[in-house]
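Got chain A; can you put chains B, C, D, E and F on it based on the hints?
Number of protein chains: 6
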Amino acid sequence: MYFHDPRLQYPVRVETPDPLFARQLQQAIGGIEGEIRVCLQYFFQAWGARGPNPKYRDMLLHTATEEIGHIEMLATAVAMNLETAPLSLQESAAEAHPVVNAVMGGERPRHVLEGMLQRHILSTGLAAMPVDADGVPFDCSHVYASGNLAADMYANVTAESTGRVLAVRLFNAAKDPGMRDMLSFLIARDTMHQQQWLAVIEELGGNAALPIPNSFDRSQEASRFSHVFFAHNHEGVPPAQGRWTAGPSLDGQGEFTVAQSTPMGEKPVLGPAQPLSGAQAEQIKG
Amino acid sequence: MYFHDPRLQYPVRVETPDPLFARQLQQAIGGIEGEIRVCLQYFFQAWGARGPNPKYRDMLLHTATEEIGHIEMLATAVAMNLETAPLSLQESAAEAHPVVNAVMGGERPRHVLEGMLQRHILSTGLAAMPVDADGVPFDCSHVYASGNLAADMYANVTAESTGRVLAVRLFNAAKDPGMRDMLSFLIARDTMHQQQWLAVIEELGGNAALPIPNSFDRSQEASRFSHVFFAHNHEGVPPAQGRWTAGPSLDGQGEFTVAQSTPMGEKPVLGPAQPLSGAQAEQIKG
Amino acid sequence: MYFHDPRLQYPVRVETPDPLFARQLQQAIGGIEGEIRVCLQYFFQAWGARGPNPKYRDMLLHTATEEIGHIEMLATAVAMNLETAPLSLQESAAEAHPVVNAVMGGERPRHVLEGMLQRHILSTGLAAMPVDADGVPFDCSHVYASGNLAADMYANVTAESTGRVLAVRLFNAAKDPGMRDMLSFLIARDTMHQQQWLAVIEELGGNAALPIPNSFDRSQEASRFSHVFFAHNHEGVPPAQGRWTAGPSLDGQGEFTVAQSTPMGEKPVLGPAQPLSGAQAEQIKG
Amino acid sequence: MYFHDPRLQYPVRVETPDPLFARQLQQAIGGIEGEIRVCLQYFFQAWGARGPNPKYRDMLLHTATEEIGHIEMLATAVAMNLETAPLSLQESAAEAHPVVNAVMGGERPRHVLEGMLQRHILSTGLAAMPVDADGVPFDCSHVYASGNLAADMYANVTAESTGRVLAVRLFNAAKDPGMRDMLSFLIARDTMHQQQWLAVIEELGGNAALPIPNSFDRSQEASRFSHVFFAHNHEGVPPAQGRWTAGPSLDGQGEFTVAQSTPMGEKPVLGPAQPLSGAQAEQIKG
Amino acid sequence: MYFHDPRLQYPVRVETPDPLFARQLQQAIGGIEGEIRVCLQYFFQAWGARGPNPKYRDMLLHTATEEIGHIEMLATAVAMNLETAPLSLQESAAEAHPVVNAVMGGERPRHVLEGMLQRHILSTGLAAMPVDADGVPFDCSHVYASGNLAADMYANVTAESTGRVLAVRLFNAAKDPGMRDMLSFLIARDTMHQQQWLAVIEELGGNAALPIPNSFDRSQEASRFSHVFFAHNHEGVPPAQGRWTAGPSLDGQGEFTVAQSTPMGEKPVLGPAQPLSGAQAEQIKG
Amino acid sequence: MYFHDPRLQYPVRVETPDPLFARQLQQAIGGIEGEIRVCLQYFFQAWGARGPNPKYRDMLLHTATEEIGHIEMLATAVAMNLETAPLSLQESAAEAHPVVNAVMGGERPRHVLEGMLQRHILSTGLAAMPVDADGVPFDCSHVYASGNLAADMYANVTAESTGRVLAVRLFNAAKDPGMRDMLSFLIARDTMHQQQWLAVIEELGGNAALPIPNSFDRSQEASRFSHVFFAHNHEGVPPAQGRWTAGPSLDGQGEFTVAQSTPMGEKPVLGPAQPLSGAQAEQIKG
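Chains as they are written, first to last, in the working numbering: chain A, 1 to 286; chain B, 1 to 286; chain C, 1 to 286; chain D, 1 to 286; chain E, 1 to 286; chain F, 1 to 286.
Only chain A is shown next, with the shape it has when bound in the complex (with noise of 0.2 Å):
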């Protein structure tokens, strides 16, 4: 179960507020690189954790908590950012918002409201929303969760790589100092976070332990095709050397190369359509 402190885990400060910038953090709330994400991500692996050892599923525990505070800092920020916003599309609006006249460069009120998101007046009164940056809400099919350890751990390096790449165009498009400084703490906890989930790969084998899953028994598998590189180009031109085209497997058991594919397989022939399927007539075998 769960407690909350009313305070945040790090200080949220915007001095110039900016709505454009209020959209441009909601990636990191609703985007499919976004807090929103790992937090019920790290929940659901936890939740669902299957093993012998518990230590995983209290880690999960821990940095899903975390994350939570993520998101409230970064709806805290969107809310701050969004705190002169313009309501309207009249000329006089530029009166009633003397602040945003002065913050923005002297923006008119309608240019700054064109590159809003619009529901954050028409659907929020001027606060952070579960959507992304161009307003599509997140899906939770995106939390990843395959009852695989070592799958769930990459798909957490992904997630957190993903995220930091996010939080450092953040900071590179941010001009507030208030923001840097936020997202230069955001950035530093998906450097850990990145480096943690790796560090259980490691705990797991590392490469040594592939592939994933380690439980299917190999000798089902059909691994004549198991460390061949297929190339599919249409002239039959060698493919680009690398690490995959020649040297030991990753996984320690054969060595890599490089073939043309070719069909091994027909021209597959499906049986007539069924009479009562709906099909025109001459789809129907007579």
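Since the hints were derived computationally from the structure, they do not count as laboratory data. Do not rely on the hints blindly, as some may be mistaken.
To be verified - Derived lysine to any residue pairs resembling SDA-like cross-links, with alpha carbons at most 20 Å apart:
#, chain 1, residue 1, chain 2, residue 2
1, B, K285, D, P54
2, D, K55, C, G247
3, D, K55, C, A240
4, C, K267, D, D181
5, A, K267, B, E15
6, D, K285, E, L204
7, E, K285, B, N53
8, C, K55, F, K55
9, B, K175, D, S88
10, A, K55, C, I284
11, A, K267, F, P54
12, A, K285, F, D58
13, E, K55, F, P239
14, F, K267, E, P11
15, E, K267, F, R7
16, D, K267, F, G178
17, D, K285, E, P54
18, E, K267, F, E15
19, C, K267, B, A240
20, E, K267, A, P238
21, B, K267, A, R13
22, F, K55, E, N233
23, E, K55, F, A240
24, A, K55, B, V228
25, E, K55, F, V228
26, A, K267, F, N53
27, E, K267, F, A240
28, B, K267, C, H234
29, F, K55, E, A240
30, B, K175, B, P11
31, B, K175, D, H111
32, B, K175, A, R218
33, E, K267, B, D58
34, E, K55, E, L204
Frame of chain A; chains B, C, D, E and F shown alone:
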């Protein structure tokens, strides 16, 4: 640009069609762990690839192109597993489907029908759809192409890891020898592809290239938070030990530590609602 | 069954077309607070209405039918606001759109275009769509029809409350007198509809009929938890007082109290992963 | 910021695991009436709360934090109900699942499997997901946080009313005593939360504070339409009487009346298609 | 604006309620081939209709209004088919549902329940929802209203063709005589509506008015590619002959030909990643 | 199975990158009228094709394969149009983007940024995504593959008609000569493909093969309703005349007529709510 050969990459045979297995196979087509996802993901990563070395784009195109053929194999397998599916709720359907009765171990057509995706009958005339095993359409937000090569490679490892977990589960669920053979091939290809993307990460420096993105000036990061595991439990009991709680950090730039998380920020106070913002009067400053 | 009159329920006039306001109006069509939602919600509640008294079904049908006309008015308003929208990114478009230049206060066509939903140009030929103000299509999961009359009435109050909040925000944003007139009508109808659904709740007994559903045998409820406000803060400071922390409960069956929440359950322990479940070997019991 | 305790808020016990009940419980996790929804809804309302009185934000945070623990309980219950689920379509699976055969009253594994969410097997390794009982992922557009306190409270009453209706249906469907005990707790909490949000509305003035939002200048409303029930039936038969057709209006500012709705507007005429708008030539003015 | 008559357009009778058929009927309500789609599609086409001839708008409104009544009929049919559905997983439910046992041919309630949409029980209290036969909500992105009259007519033919295919499949699946009678009516209406939209295309010139849109200046089209069927097979074997490989083109402006497709463009080279774009350092030009 | 050539099917050149045009091009990639849709639609139709004549499967594969190359061209065009996009909200960005200032006619970077899809910066590092012009991801429910050849061909005509309408709108919006050239090619291909699918319908008999599906025994259709245009207007004024109101029906089996629609059914009466169904007590029969 692209070309096709009407033959399949690998043989697809079904001895005993099973509409419930057709449903399960849909996960490998339109599920988030499925082949549409990897196909489009590798294509979009290739088409947007930036950087001086074209070999990554080249590699991505080869494998993306291979994946189209995997969707094709699975779609063919779904259609074959639906060949003898019942179409009717009528009792008399039993007579109309002698094959079903013979091959499905005496199941009544109604029971077979209950376990099916209804849209296999109603929307496709007994063929595959780009949906998952519970009927949810594939949504292209799952196509991860971040513009950061390392983050994308981890996304690909995730896709192939969850993909191989899925293929193994399907193999374990299947009883048809043709289906098991097809899956043994797909499992092998996932084995290769997991290693292929990890090989790129090895080329990029592996853990030494952390954190992702490595183009951010780390002097701007709040680095005192970059290697600490924050405990977020109510009682303050120290968390379980792991590779992530002590020892050198994976990026080689620090030591992992543990700390109980405490608020560094304040309780946030947002401004009052604006008079024209549609709030209740009580929310607007007097 | 249904009939139409080709005339509108209330006049729709636009003196100064504004493509950005067309975008904002979309929220009232395809947003979750919009008219498609209430229309379908009242219809599905009516079509599934069970119970001896047919008057609720009757009432729902009247109002659902009215709401089609509101979608029609708003769709007409969107098309009218798009009449003079720019279609091109070319500089020369300025000459091609003298009306734009005249009526939009000298905005350059490119700026007008930047604030638009691009699909108004690309997908509709300058007409309304069933999407919200940021372009997200309406999703019918928002049609609440629970089969419980009281729960549905509260869902309807919610819809009309958020609907009137939205209409007020649009009124405040609008500067066109025709649009303000149309919105003053829609605001009035929302005023009526809020009260209409609350009047049903009054007929059903108001708070006296709580909790919803009132058909559950309350002796089976863990009623010691039915009137207590659980504090979930870390430090255990008593929460702020309110009507919900003391005094008689609204259902007339107890007294509100406050308690600090503490765990009554244990740390959960799930069984190990099954051998064929695709987990890592480490998760499977030895 | 947030903290966790590894123990559950209330005990979760399952004596007889039932994968079909696991599926049904998903509705209380990822359904629109479920716990993810209320949890995120209360959090976003709190994080965006504006107004001089901080106690509403405070209250929302307490209850939002409680709701995380409810998701946790339900996710645990799903995993426990899936413990003995069949993984295979093979006949021989019967032997592999003696527990299933014993506890499910002699059901054949195939029949048990037919009723399951297939993704419980294929995507999670027998654990909960953030999807509803038919497999549709939770979509955060259902997080209602309008910025208007009264509208939000009604949204919360709706959520807790449909939530308790759902919990009662699950209780009625369940046969496991542990599941019934857990649900009796969740039903009680929904009882409290229904009243909690209604208590806020009482503090805000109840019906006297209508219409929502109460910050709109009603002289700008077309108030002759604010208390009239419009009949929209073809034949013009007067509608059934109710509290909403006569007597004082709930906002205390008028009398309810009934009127047959008739067109006040004209048949709309849109301008012709623009020459470069991609219409057929016949739609463009000559 | 709109009116209703409380009676149905055509009788809806169910002699033997079947919850699995209720599920199948959902496809005709909330599926992409269903009635919500055509209803909203015709309405949005009408409300956005531009052009000198108002008769198309007029026709669309008549038929859109008819379609509301079709949703109503189907929603009624779903509710009637759910009348005797089991609500419980308990064995004792058998006694509680004597009707089920009698009418469903001796099915055990659990088996009936396994084939149902679980949300019919959990979310609606045994009534229709705007979802498809596998529980996926209708998404209004399927409302095609392009602003081009001819394109829209083809979209309507598609909707009525897939709609009649669906209705035929439902007719073939049904065994209840009341349901078959209702479907025979809906099939007939789809027959009419297919022809109705094709009749508009005939009025617009049929194939002679191709290509759509016919308002584009064809001198700006790369017309050497306008009548050639490109073969895209790897081996270069000539494709099968058809009406589209030889003979006069349907637009009367050329001859169909066949050509093997070959690259006319170059291998694309994108610029390097920008320094502040969040790429890996390796992707940024030195 | 499939192969690629690293060269593009047709040249893609951009002289003056424009991030707003990049946004508009997204509609042709991930919009419902776009190339991902037709590509997957033709593939799924091919992979599920049933019937004695394999030439339709063959044709579909050729064109589906061509369409991959069209997505590739458009994705390349998007990336090229984003080459010089601003990444920052800072004033100083102006200096950092001399090219922008030069080529965009003196636009300030902030204005350019306001019109962009924010995810082009935040999620992709300036590359294409499978989303539409307003940022909504492509959803594979738009892949129409009904199992009925004629219905599918009409779906394809629709896709190519709305696709060419879109391409024409993009051509009209574009000012870059390279983009206009690329679009002139895509417009030509849509011209061909419209005719290709109509040619199949001609082979299948054209209108003579109506109604779709033609495999349904028409003696089971309520054929008295198969050729009548139902007027659904309130006042009963006869509808406007058209090809669909009189004359021989297109299926050659009747005469079009017009009739005012009137109720043939009764007011529906559903059974009362079941005692355990979670309804209010008032809805349950005493």
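Pair hint outcome, B/K175 versus A/R218 [Cα-Cα no greater than 20 Å]: 18 Å, holds
Pair hint B/K285 and D/P54, alpha-carbon separation not exceeding 20 Å: This hinted pair holds, its Cα atoms lying about 13 Å apart.
20 Å Cα cutoff - pair C/K55, F/K55: Violated, because 59 Å separates the two Cα atoms, which is more than 20 Å.
Given pair status - E/L204, E/K55, alpha carbons within 20 Å: 13 Å, holds
Proposed proximity, C/G247 with D/K55 (alpha carbon, max 20 Å): 17 Å, holds
Pair hint outcome, B/K267 versus A/R13 [Cα-Cα no greater than 20 Å]: Distance of about 12 Å is within 20 Å: holds.
B/K175 paired with B/P11 [C-alpha distance capped at 20 Å]: Holds, at about 17 Å.
Restraint check for E/K267 with F/R7, where alpha carbons must lie at most 20 Å apart: 4 Å, holds
Pairwise hint evaluation, F/A240 against E/K55, where the allowed Cα distance is 20 Å at most: 6 Å, holds
Given hint E/P54 paired with D/K285 - CA-CA distance at most 20 Å: 13 Å, holds
Satisfaction of hint between F/P54 and A/K267, Cα-Cα up to 20 Å: Holds: A/K267 and F/P54 sit about 10 Å apart, inside 20 Å.
20 Å limit on alpha-carbon distance, applied to hinted pair B/K175 and D/H111: 16 Å, holds
In the structure shown, a violation is registered for the earlier hints numbered 8, 16, 27, in ascending order.
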